[in-house]
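Modelling step: build the complete structure from the supplied sequences, incorporating the hints.
Residues per chain, in single letters:
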Amino acid sequence: MGFFQDAFIYLLAAVVAVTVSHRLGLGSVLGYLFAGIAIGPVLGYVGGSETETVKHFAEFGVVIMLFLIGLELEPHMIWRMRWQLLGLGGLQVALTTIALTAAVMAVGFAWQAALVIGMTLALSSTAIVLQTLNEKGWMRSRGGQSAFSVLLFQDIAVIPMLAVLPLLAVGAPVPLDGGEGGHHGSILEGYPGWFQTLVILATIAAIILAGRFLVRPAFRLIAAAQMRELFTAAALLIVVSTALLMDLVGVSAALGAFLAGVVLSTSEYRHALESDIDPFKGLLLGLFFISVGAGIDFGLLFSEFFLIIGIAVGVILVKMLILLALAGIFRMPWQDTWMFGLGLAQAGEFAFVLFGFASASGALAGSLVEILILSVAVTMLLTPALFILFERYVAPRTVSSAARPADEIPEPGTVVIAGVGRVGQIIARLMMAENYKIVVLDHDPNLVERMRETGVHSYYGDATRPDLLEAAGLGEAEVFVAALDDQAQQTALVRHVAEHFPKCRIVARAFDRHHLYELEKAGAHAIEREAFEGALALGKRTLRELGLHPYQAEQKVRAFRRHDIQTVSILREYWTGGMGKKYVTAVRERLDELMQVMRSDRLAGKNMPDKDFSPSRKEDPER
Amino acid sequence: MARVLVLFAHPRTDRSVANTALIAAARTMPGVELVDLYGEYPDFDIDIDREQQRLVDIDCLVMQHPVYWYSSPALLKEWQDLVLEHGFAYGADGPALQGKSLLQVATCGTDRDAYRKKGKYENDLRTLFSPFEQTAKFCGMRYLAPFGIFSAEDAEKDGRLDKIVTDYSRLLGAIRDGSLDLEKAASAPLLNDVLDDAIDEEAAAG
Chain A
1 MGFFQDAFIY LLAAVVAVTV SHRLGLGSVL GYLFAGIAIG PVLGYVGGSE TETVKHFAEF
61 GVVIMLFLIG LELEPHMIWR MRWQLLGLGG LQVALTTIAL TAAVMAVGFA WQAALVIGMT
121 LALSSTAIVL QTLNEKGWMR SRGGQSAFSV LLFQDIAVIP MLAVLPLLAV GAPVPLDGGE
181 GGHHGSILEG YPGWFQTLVI LATIAAIILA GRFLVRPAFR LIAAAQMREL FTAAALLIVV
241 STALLMDLVG VSAALGAFLA GVVLSTSEYR HALESDIDPF KGLLLGLFFI SVGAGIDFGL
301 LFSEFFLIIG IAVGVILVKM LILLALAGIF RMPWQDTWMF GLGLAQAGEF AFVLFGFASA
361 SGALAGSLVE ILILSVAVTM LLTPALFILF ERYVAPRTVS SAARPADEIP EPGTVVIAGV
421 GRVGQIIARL MMAENYKIVV LDHDPNLVER MRETGVHSYY GDATRPDLLE AAGLGEAEVF
481 VAALDDQAQQ TALVRHVAEH FPKCRIVARA FDRHHLYELE KAGAHAIERE AFEGALALGK
541 RTLRELGLHP YQAEQKVRAF RRHDIQTVSI LREYWTGGMG KKYVTAVRER LDELMQVMRS
601 DRLAGKNMPD KDFSPSRKED PER
Chain B
1001 MARVLVLFAH PRTDRSVANT ALIAAARTMP GVELVDLYGE YPDFDIDIDR EQQRLVDIDC
1061 LVMQHPVYWY SSPALLKEWQ DLVLEHGFAY GADGPALQGK SLLQVATCGT DRDAYRKKGK
1121 YENDLRTLFS PFEQTAKFCG MRYLAPFGIF SAEDAEKDGR LDKIVTDYSR LLGAIRDGSL
1181 DLEKAASAPL LNDVLDDAID EEAAAG
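Those protein sequences? They're chains A and B, same order as listed. If you read the first sequence in our numbering, its first letter stands for residue 1, the second for the next number, and so on. If you read the second sequence in our numbering, its first letter stands for residue 1001, the second for the next number, and so on.
Watch out, some of these pointers could steer you wrong.
[Claimed, not checked] Now the in silico label distances, taken between C-beta atoms and shown as ranges:
id: 1; chain 1: A; residue 1: Arg572; chain 2: B; residue 2: Thr1028; range: 28 to 36 angstroms
id: 2; chain 1: A; residue 1: Lys521; chain 2: B; residue 2: Gly1099; range: 43 to 51 angstroms
id: 3; chain 1: A; residue 1: Arg505; chain 2: B; residue 2: Asp1181; range: 43 to 51 angstroms
id: 4; chain 1: B; residue 1: Asp1043; chain 2: A; residue 2: Ala531; range: 16 to 24 angstroms
id: 5; chain 1: A; residue 1: Gly534; chain 2: B; residue 2: Asp1181; range: 53 to 61 angstroms
id: 6; chain 1: B; residue 1: Asp1057; chain 2: A; residue 2: Met579; range: 33 to 41 angstroms
id: 7; chain 1: A; residue 1: Ala385; chain 2: B; residue 2: Arg1050; range: 50 to 58 angstroms
id: 8; chain 1: B; residue 1: Glu1156; chain 2: A; residue 2: Met579; range: 52 to 60 angstroms
id: 9; chain 1: B; residue 1: Gly1159; chain 2: A; residue 2: Thr542; range: 55 to 63 angstroms
id: 10; chain 1: A; residue 1: Met139; chain 2: B; residue 2: Asp1043; range: 34 to 42 angstroms
[Unchecked claim] 27 angstroms max Cα-Cα, derived DSS-like pairs, lysine-lysine:
id: 11; chain 1: B; residue 1: Lys1077; chain 2: A; residue 2: Lys556
id: 12; chain 1: A; residue 1: Lys540; chain 2: B; residue 2: Lys1077
id: 13; chain 1: B; residue 1: Lys1120; chain 2: B; residue 2: Lys1077
Just so you know, these hints were derived from the structure itself, not from any lab. Note that beta-carbon positions come from the ideal geometry of N, C-alpha and C, so glycine has one too.
As structure tokens, then:
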């Protein structure tokens, strides 16, 4: 009874709050946080010790998320990211730790306690940031990639932090096992350091080896059983067992899961794993955010309001300034700089773990830890607001401000193609075969490299960046092909090119009819719905498989195509940016008409005077 | 004023100096509508309703095309197959073309001598084009003698092109203004021969 009741409350709160926050354009993270606040401190349904249990359970969501991240990262990609990881991530953690430690020392704390606080608050929230970046589709931008590098470095940095924490305990040390934060019970305690390191390395090696040589054959067997839930269970088992193993030897469970993910990223089951585990991640992360919301102690918050808010705002400001400076040093474009700076400015969920551990080991006083944890929660609560700030005020303005010099593009193209995914690639090949000078831009370094290997002039870069378009030769290009995957970016790009390069013809790939109208408004000259012709071709194949003669199938598809293209221009005037009543009525009417069009058969044989299959010969005056 | 529709069918206009010059002239003539069939239907997907509407609105249809295998390029044949429907172009309730005229303007690769009884092709242009003539008659149209542009590829080099373009413009203008003697134009074996005779310049001037 109790379980169902709890589950009911959690789920109801999540469903209501997330739906509302999504409607308001605030994203799911804020929705979950508010759901937690609502059922915890506000309504008092859950709270206290319970939230702690839920939080531990929900930390599993973070673990799964890192597994999924690992799954998407092939080893050679990490290798390629190594400079960004070490440079950007290392500098961020080091500089922020120094700055915050100095600040805390300035208030009068001992350097040991200050260092604990400084390095803990240097970490950002992987859960919030990655979830938000994914939701908004910013993961592949330069800012998103940089944020990811930093988060990854932070996740790794947790390990040495955990290692030095006990050394910084200057107060009366509380035995680890007895402490509240003692969830971190490594079996290696008491052994010498070199032995611990050895065991950890051996564990990591074991995970890699198992991933390579054990998991794949096992999955082959499980997949052969053709039971989906078994596969899902096996996938979860991998995550849980690596997490458990890493936990046992005292390393971050999340990092273990991440490692397992990387090992399996090259396996043929990668996509199946991803799609099976993804729903768990979403729900558990939601639970995590709910528990953060529910755990907010409003009593303490109000009694120490200014202190807590002050710490939170201070932390955000310090982190943001350092992040912005780093983005400048690494020459990030203006828009990415702000995404990076605002996005990573909060403190992260590892703070709950580290502070708990710190108070248990006596590195920090318990009362201080409570205030710090509340401050961390406040920074997390403020993060969605910062993202909204970025989205509303920074992102739309990027068009007019080119921040950095353009990338080297040796020769401008007659045809500039933005986006070299499934669509742009084909166009690029066609243009090359026709001997046109082309420049291809994409923000996926992998794709660009692959295209380069096949001899296409492709350049890495964000095609939504004005200076890059300039360098690509859009001033002289005859045609600009907009073939980005992301609908919103695509529209913004077309609008920008239409405004700034009026002489260039714009050919655009539309996602669907509605997107087509948007692109039209944005100023594209020729637009095709990306799946339209492909779908017609498949429809034609279907008709043929049904036994229709190839030419008849062709005729049917032509009639359909013509009618549909007409429909596009008829519905245009009813399209108001959304589907109004009139629009829906018009769609219905067109559909009825389509049935008639398709039923009429203009090639039935009546149209040739000398047809040999005419059923009505008397029509022909010659006979 | 008669309305004239020129259906131009050439898959490679860029390679045809003569046709390029001819359509350039036709395009600028008031009262004459020029349709580039290969331009409008590159995928051969002819919009039947639209083409039929065009025919309803005019008095004279001009088919301008190169001679391909003693006939027209494929798209013009496809156009006939689809647009000249039963119930529209012929049949009990389809006299839409009744009384209108059809004229073929054809560019030929070889000289005129090839198109003689004793020439290389053993037939004159009009005989070779008899399927078009028969089609026109079947639809109740008057078939005018074809206007041939022989050795079209050399026309510019030989200095004949300007005259050809002028003649073509005169011809279209005369049809439009009603100053072409349709009977004379219909009965000649080749329109080239009777052009000056059939156009009543005074009527045109007046």
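Verification of the supplied hints:
no.: 1; hint: Arg572(A) <-> Thr1028(B): 28 to 36 angstroms; in the structure: holds, 33 angstroms
no.: 2; hint: Lys521(A) <-> Gly1099(B): 43 to 51 angstroms; in the structure: holds, 48 angstroms
no.: 3; hint: Arg505(A) <-> Asp1181(B): 43 to 51 angstroms; in the structure: holds, 48 angstroms
no.: 4; hint: Asp1043(B) <-> Ala531(A): 16 to 24 angstroms; in the structure: holds, 19 angstroms
no.: 5; hint: Gly534(A) <-> Asp1181(B): 53 to 61 angstroms; in the structure: holds, 56 angstroms
no.: 6; hint: Asp1057(B) <-> Met579(A): 33 to 41 angstroms; in the structure: holds, 37 angstroms
no.: 7; hint: Ala385(A) <-> Arg1050(B): 50 to 58 angstroms; in the structure: holds, 56 angstroms
no.: 8; hint: Glu1156(B) <-> Met579(A): 52 to 60 angstroms; in the structure: holds, 57 angstroms
no.: 9; hint: Gly1159(B) <-> Thr542(A): 55 to 63 angstroms; in the structure: holds, 59 angstroms
no.: 10; hint: Met139(A) <-> Asp1043(B): 34 to 42 angstroms; in the structure: holds, 39 angstroms
no.: 11; hint: Lys1077(B) <-> Lys556(A); in the structure: holds, 20 angstroms
no.: 12; hint: Lys540(A) <-> Lys1077(B); in the structure: holds, 25 angstroms
no.: 13; hint: Lys1120(B) <-> Lys1077(B); in the structure: holds, 25 angstroms
Consistency with the previously given hints is maintained throughout, with no hint failing.
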